[in-house]
Amino acid sequence: MKIKSQRDFWSGLMFLAIGVGFAVGAGNYSLGNSARPGPGYFPLMLSVIMAILGAIVLFKSLTIETEGGDPVGHIAWKPLLIIMGAITAFAILITKLGMIITVPAVILIASFAGDEFHWKDVVVNAVVLTLGCWLIFIKGLKLTIPMWPAFMGAAG
Amino acid sequence: MDLLQNLALGFGVAFTLTNLLYALAGCVLGTLIGVLPGLGPVATIAMLLPSIYALDATPALIMLAGIYYGAQYGGSTTAILINVPGESSSVVTAIDGYQMARQGRAGAALAAAGLGSFFAGCVGTIIIAAFAPPLTELAFKFGPAEYFSLMVLGLIGAVVLASGSLIKAIAMIILGLLLAQINTDVISGTARYSFDIPELTDGIGFVVIAMGIFGFGEIIANLGMPAEHREVFTKEVHNLWPTKQDFRMAFPSVLRGTALGSALGVLPGGGALLSAFAAYTMEKKLAGATGRFGKGDIRGVAGPESANNAGAQTSFIPMLTLGIPPNAVMALMVGAMTIKGIQPGPQVMTSNPQLFWGLIASMWVGNLMLVILNLPLIGIWIKLLTVPYRFLFPAITIFCCIGTYTLNNNTWDVYLTAVFAVVGYVFYKLSCEGAPLLLGFILGPMMEENLRRALLLSRGDWSTFLTRPLSAGLLVAAALMVVIVMLPSIKSKREVAFAEAD
Numbered sequence: 000m001k002i003k004s005q006r007d008f009w010s011g012l013m014f015l016a017i018g019v020g021f022a023v024g025a026g027n028y029s030l031g032n033s034a035r036p037g038p039g040y041f042p043l044m045l046s047v048i049m050a051i052l053g054a055i056v057l058f059k060s061l062t063i064e065t066e067g068g069d070p071v072g073h074i075a076w077k078p079l080l081i082i083m084g085a086i087t088a089f090a091i092l093i094t095k096l097g098m099i100i101t102v103p104a105v106i107l108i109a110s111f112a113g114d115e116f117h118w119k120d121v122v123v124n125a126v127v128l129t130l131g132c133w134l135i136f137i138k139g140l141k142l143t144i145p146m147w148p149a150f151m152g153a154a155g
Numbered sequence: 000m001d002l003l004q005n006l007a008l009g010f011g012v013a014f015t016l017t018n019l020l021y022a023l024a025g026c027v028l029g030t031l032i033g034v035l036p037g038l039g040p041v042a043t044i045a046m047l048l049p050s051i052y053a054l055d056a057t058p059a060l061i062m063l064a065g066i067y068y069g070a071q072y073g074g075s076t077t078a079i080l081i082n083v084p085g086e087s088s089s090v091v092t093a094i095d096g097y098q099m100a101r102q103g104r105a106g107a108a109l110a111a112a113g114l115g116s117f118f119a120g121c122v123g124t125i126i127i128a129a130f131a132p133p134l135t136e137l138a139f140k141f142g143p144a145e146y147f148s149l150m151v152l153g154l155i156g157a158v159v160l161a162s163g164s165l166i167k168a169i170a171m172i173i174l175g176l177l178l179a180q181i182n183t184d185v186i187s188g189t190a191r192y193s194f195d196i197p198e199l200t201d202g203i204g205f206v207v208i209a210m211g212i213f214g215f216g217e218i219i220a221n222l223g224m225p226a227e228h229r230e231v232f233t234k235e236v237h238n239l240w241p242t243k244q245d246f247r248m249a250f251p252s253v254l255r256g257t258a259l260g261s262a263l264g265v266l267p268g269g270g271a272l273l274s275a276f277a278a279y280t281m282e283k284k285l286a287g288a289t290g291r292f293g294k295g296d297i298r299g300v301a302g303p304e305s306a307n308n309a310g311a312q313t314s315f316i317p318m319l320t321l322g323i324p325p326n327a328v329m330a331l332m333v334g335a336m337t338i339k340g341i342q343p344g345p346q347v348m349t350s351n352p353q354l355f356w357g358l359i360a361s362m363w364v365g366n367l368m369l370v371i372l373n374l375p376l377i378g379i380w381i382k383l384l385t386v387p388y389r390f391l392f393p394a395i396t397i398f399c400c401i402g403t404y405t406l407n408n409n410t411w412d413v414y415l416t417a418v419f420a421v422v423g424y425v426f427y428k429l430s431c432e433g434a435p436l437l438l439g440f441i442l443g444p445m446m447e448e449n450l451r452r453a454l455l456l457s458r459g460d461w462s463t464f465l466t467r468p469l470s471a472g473l474l475v476a477a478a479l480m481v482v483i484v485m486l487p488s489i490k491s492k493r494e495v496a497f498a499e500a501d
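For the protein sequence lines, the chains are G and R, in the order given.
Under numbering that gives the first Met the number 0, the first residue of the first sequence carries the number 0, and numbering increases by one thereafter.
Under numbering that gives the first Met the number 0, the first residue of the second sequence carries the number 0, and numbering increases by one thereafter.
In short, the hints are calculated from the structure, not lab data.
Keep in mind that this is a model prediction, so the values were computed, not measured.
Virtual Cβ for every residue (Gly too), placed ideally from N, Cα, C.
Do not rely on the hints blindly, as some may be mistaken.
In silico contact screen, one side only, chain R against chain G (beta carbon under 7 Å); selected entries [unchecked claim]:
(1) 180
(2) 187
(3) 192
Label pairs and their calculated CB-CB ranges [unchecked claim]:
(4) R:485 with G:71: 18 to 28 Å
(5) R:346 with G:127: 38 to 48 Å
(6) R:475 with G:94: 46 to 56 Å
Chain G extracted, bound-state conformation (with noise of 0.2 Å):
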């Protein structure tokens, strides 16, 4: 058996495998009848149908010739666990460092995802849009979102 679309095996077998996962988790609530439909009903329904497609999904990527196997390609490792990282370290450092730092920290992380970095342009970039979010979201939108670290104590 060879894979004649790589990019179709691959959702095919995930939308089967995400079919299969809702429709077991649908079997710990109570399904009721059509005349009364429990709150397993349509989860239930609707993973069926997903894994249907699934499975018609994988079974075309295994038959249906495509034009060079339509290979999924190179991962972008880099861009993804960076991004991946900039978003964490907003979560963990804005409750408790504020814009003020979190803004610089999170713009100096992304940057690293790109394929050029230059110092001047980062820095540049960081104090723009930190003052550009004071203003627009804090002056402007008037956002509850705290502009100081927390030990300082002062808000927004």
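With chain G fixed as given, assemble chain R onto it according to the hints.
What follows is chain R alone, placed relative to chain G:
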């Protein structure tokens, strides 16, 4: 004349200072993101949703709508000047628009796109105003069974007309519907798929999903691609006014594009993208041997640009009258209404006439602003084209983070967004489209509720969906759509149509 009275009410609302300012803000933002590649209206609107807590419903929706149709204008600018469509709906504009720019006629192309869009926008506004009330009346006749069938039709329609694999797109809808099942069941109070995580019992916020998949997922995908070197035709943009000959050629295309776009926009799944593709194909067919398509024919710019703007406008109709979003942007608009405590649906027109007619009138005002923003002020946007992506993506990252955090002021949503960023990248790698998932996710709870109510009413008899004529008609229409698209002859044409766009 109800129509005139309603429009008068609408313009009264739209011309207040606050609403004018928010319409302008929306249009500027829309043009901006239209010009900047790598940031679309879906991510932008998702990013701005938390900020509308502070606003009234009317200015908030006026602004969000402005972003959507503003992006259509901005997208054509980049398509013409650098052959990079800022928005997917400008893909076909790039074909002839860029060729015109290379021949030193960028001004004429921009003018044709701008004026054509404005004309289409005016017509689109009138069509919404004329067709919304009768459709609303029809919607009041709908019971739960009809609503369920209508949603099936809407969801199917949203994917048959989109590009890519049909089965995968339907699977993405189902996945969206399933993700929406992670919540507390309204009827029995059972927490579903929560894995004892308290945050999950409230469900996943749709902003989290939209931001993860459309915001971060796209950043990662863009960064994964090799940097491209662009040729920007900035100096050639003088002499904006098209020649008489241009006018004569472009005007019929504008009319045809507007008509086609208005019709296709109303269809579930229609909107800007499909309208532009269809208009380009039509212009090419009609021109026949006289056309210089692909080599800088002004009709290839005027037609699709009018069509995409008309389609963007009329796609508001199903959202405003039925509460059913035909595309991902409208899905976010439904979300925005819900945030402001307005239940989208046919009752909006009677319960919030100010909002309803104000929004429609603001679209005309917005289109006028956009012509001014995009033609005389084109120079400003051209400068923006030269901003390198390495400045943009950290900015998008931080805005998305702040947007998600301020949604509920908790970091849980931010962590969850990171997860969906990975999910979005996986989808991108497997060529699974994110938009159907978002539509399914928004409609999930409504669909389940209506299904269960319909079954309760019919005492468990599934045939209720087929014995009620309206419901049956809607389901048959949905089935027909799938069958037609599956037909071998249409299938190959559909593939050709989308292949041409690449």
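Hint check:
Taking 7 Å as the C-beta contact cut-off toward chain G, the hint placing residue 180 of chain R at the interface holds, the least distance being around 5 Å. Annotation: residue 187 of chain R was flagged as interfacial toward chain G, and the flag holds, the nearest CB pair being 5 Å apart, inside 7 Å. Nearest Cβ of chain G to the Cβ of residue 192 of chain R: about 5 Å, under the 7 Å cut. The hint holds. About 26 Å separates the C-beta atoms of residue 485 of chain R and residue 71 of chain G, a value consistent with the hinted range of 18 to 28 Å.
Checked against the hint of 38 to 48 Å, the pair residue 346 of chain R and residue 127 of chain G passes, with Cβ atoms roughly 45 Å apart. Taking the beta carbon of each, residue 475 of chain R and residue 94 of chain G are about 54 Å apart, inside 46 to 56 Å as hinted.
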